[in-house]
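Asker: Quick note, the sequences are listed as chains A and B, same order.
Quick note on my numbering: the first sequence kicks off at 175 and runs consecutively.
Quick note on my numbering: the second sequence kicks off at 40 and runs consecutively.
Treat each hint with caution, since some may be false.
Among the chain A residues that face chain B by a calculated CB cut under 8 Å, a handful are [claimed, not checked]:
#, residue
1, Val189
2, Leu212
3, Ile215
4, Ala217
5, Asp218
6, His235
7, Asp236
8, Leu241
9, Pro244
Covered stretches of chain B, as calculated for chain A (at least 3 residues, CB under 8 Å) [as the list claims (entries may be wrong)]:
#, stretch
10, 66 to 74
11, 132 to 142
12, 152 to 165
13, 203 to 211
Using C-beta positions, here's what the derived DEER-type ranges look like [unchecked claim]:
#, chain 1, residue 1, chain 2, residue 2, range
14, B, Thr176, A, Leu194, 36 to 44 Å
15, B, Gln279, A, Ala229, 44 to 52 Å
16, A, Ala229, B, His231, 34 to 42 Å
17, B, Glu283, A, Ala229, 47 to 55 Å
18, A, Pro199, B, Val216, 22 to 30 Å
19, B, Phe62, A, Ala229, 19 to 27 Å
20, A, Glu188, B, Asp245, 49 to 57 Å
21, B, Val239, A, Leu210, 26 to 34 Å
22, B, Arg278, A, Phe203, 40 to 48 Å
23, B, His231, A, Glu196, 37 to 45 Å
24, B, Ala282, A, Pro199, 27 to 35 Å
Simulated from the structure, these hints should not be mistaken for lab results.
Heads up, the beta-carbon is just placed ideally off N, CA and C, and yes, glycines get one too.
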Amino acid sequence: MSQSTTAPATTAVEVPTIPLGELAPWALFFGLLGALVLFFISADQGAVSLPAGTAIHEWVHDGRHLLGYPCH
Amino acid sequence: MNARAFLIRGLLAGLVAGLATFFVAHQVGEPHVEAAIALEDGGEHTHSHDGAHSHDDGVQISRDTQRTWGLLTGSLAVGVALGGIVALVSASLVGRIGRLLPGQTVALVSLLGFVSVALVPFLKYPATPPGVGSGDTIGDRTALYFGFLAVSVLAAAVTTYAAVRLRDRIGTYGGTVAAVAGYVVVMVVAGHLFGTVNEVRDFPADLLWYFRRASLITLATTWGVLGVVLTGLVSRLFRQQTAEIERRALAASL
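Please model the entire structure based on the sequences and the hints provided.
Answerer: See the structure below:
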């Protein structure tokens, strides 16, 4: 990576790994959060309705069509 | 390099991708959405595609709002959510895929994400403009779409894992070819097993194509910008950390 390194150029750069145990809570929480956001944009109301009505569906209507999610 | 560093950069890259998505969707996609709606009901679009329909009981959002603030909301939400997910998936794979550097890992995850989440599902269930698609089948179409999406993402994850394992035995080239071939076979079979949706009827073919092309360009923008920005940010982080480690090593050796 660095230009002034004295190590031979063929030496593989040490790439750190992140322990999966450290990642698990982040992945769980933000995975769920991300899935929830995608659900509200892509499928809520019209297909499935959490809050009754169609306000969310209507609000993100164009995004749903253009991002390729089923709509009518 | 930790989960937090990845997540922050992912959310930032997702925000940039969301803004780019909005801009492209608004400039490239909206003219065709408007044309489809004009064709559908001669101008005024209240989303009740067959006149007085169940949607009339809800809140009415004007077309002006739908194609600006509404589209912006959807674009940003999807961009940031995907950014966070791509960042965390990348974080879990850094240092675990052959000798790929962190930035290269992010680029690979973004590419696989675009192919398995956007492109392949699009090939089977392409986006449809307003006016195409019956309200009666929206439940079935949603189930089919997300079922196919799930198969695609699962197949991509399993074949990527297989590629990493095979690499030790038959090398990078053989492992990659075998994994890509495996993914293609799984998706071709799934494509035949999943039901076909065709509700186009007499909708004009040219407008349908323009809309779908615009939709694909929009999806490519989201994933492309997300991948490019996050790759840049993570590469920079890695460069800084590597330089810091080298500086410390040099200082210790003096």
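Asker: Determine for every hint whether it applies to the structure shown.
Answerer: The hints, checked one at a time:
Annotation: Val189 (chain A) was flagged as interfacial toward chain B, and the flag holds, the nearest CB pair being 4 Å apart, inside 8 Å. At its closest, the beta carbon of Leu212 (chain A) sits 5 Å from a beta carbon of chain B; the interface hint therefore holds under the 8 Å criterion. The interface hint given for Ile215 (chain A) holds, since its Cβ lies 5 Å from the closest Cβ of chain B, which is under the 8 Å cut-off. With 8 Å as the threshold, the beta carbon of Ala217 (chain A) comes within range of chain B, its nearest partner Cβ sitting at about 5 Å, so the hint holds.
For Asp218 (chain A), the interface hint is violated, since its Cβ never comes within 8 Å of a Cβ in chain B; the closest pair sits about 10 Å apart. Among the interface hints, the one on His235 (chain A) holds; its C-beta lies about 5 Å from the nearest C-beta in chain B, closer than the 8 Å criterion. Look at Asp236 (chain A): its Cβ gets to within about 5 Å of chain B, closer than 8 Å, so that hint holds up. Hint status for Leu241 (chain A) relative to chain B: holds, with the closest Cβ pair at about 6 Å, below 8 Å.
Taking 8 Å as the C-beta cut-off, the interface hint given for Pro244 (chain A) holds, the closest approach to chain B being about 4 Å. Under a criterion of three residues with beta carbons nearer than 8 Å to beta carbons of chain A, the stated coverage of the stretch 66 to 74 of chain B is upheld, 3 such residues being counted. Under a criterion of three residues with beta carbons nearer than 8 Å to beta carbons of chain A, the stated coverage of the stretch 132 to 142 of chain B is upheld, 7 such residues being counted. Check result for the stretch 152 to 165 of chain B against chain A: holds, 5 residues qualifying (beta carbon to beta carbon below 8 Å, three or more required).
Coverage of the stretch 203 to 211 of chain B by chain A is violated in this model, with 0 residues showing a Cβ closer than 8 Å to a Cβ of that chain against a need of three. Separation of Thr176 (chain B) from Leu194 (chain A) is about 41 Å and conforms to the stated range, judged on CB atoms against 36 to 44 Å. Distance hint for Gln279 (chain B) and Ala229 (chain A): a CB-CB separation of about 45 Å, consistent with the stated range 44 to 52 Å. Between Ala229 (chain A) and His231 (chain B) the C-beta distance comes to about 39 Å, which sits within the given range of 34 to 42 Å.
A hinted range of 47 to 55 Å holds for the C-beta pair Glu283 (chain B) and Ala229 (chain A), which are about 50 Å apart. Remark: the range hint 22 to 30 Å for Pro199 (chain A) to Val216 (chain B) is contradicted by a beta-carbon distance near 37 Å. For the pair Phe62 (chain B) and Ala229 (chain A), the beta carbons lie near 25 Å from each other, so the given range of 19 to 27 Å is met. Between Glu188 (chain A) and Asp245 (chain B) the beta carbons are some 55 Å apart, a value that agrees with the proposed interval 49 to 57 Å.
Taking 26 to 34 Å as the suggested C-beta distance range, the pair Val239 (chain B) and Leu210 (chain A) conforms, at roughly 32 Å. For Arg278 (chain B) and Phe203 (chain A), the Cβ-Cβ distance of about 29 Å falls outside the hinted range of 40 to 48 Å, so the restraint is violated. Between His231 (chain B) and Glu196 (chain A) the CB atoms are about 42 Å apart, so this pair conforms to the stated range of 37 to 45 Å. Between Ala282 (chain B) and Pro199 (chain A) the CB atoms are about 30 Å apart, so this pair conforms to the stated range of 27 to 35 Å.
Of the numbered hints stated above, those contradicted by the structure are hints 5, 13, 18 and 22, listed in ascending order.
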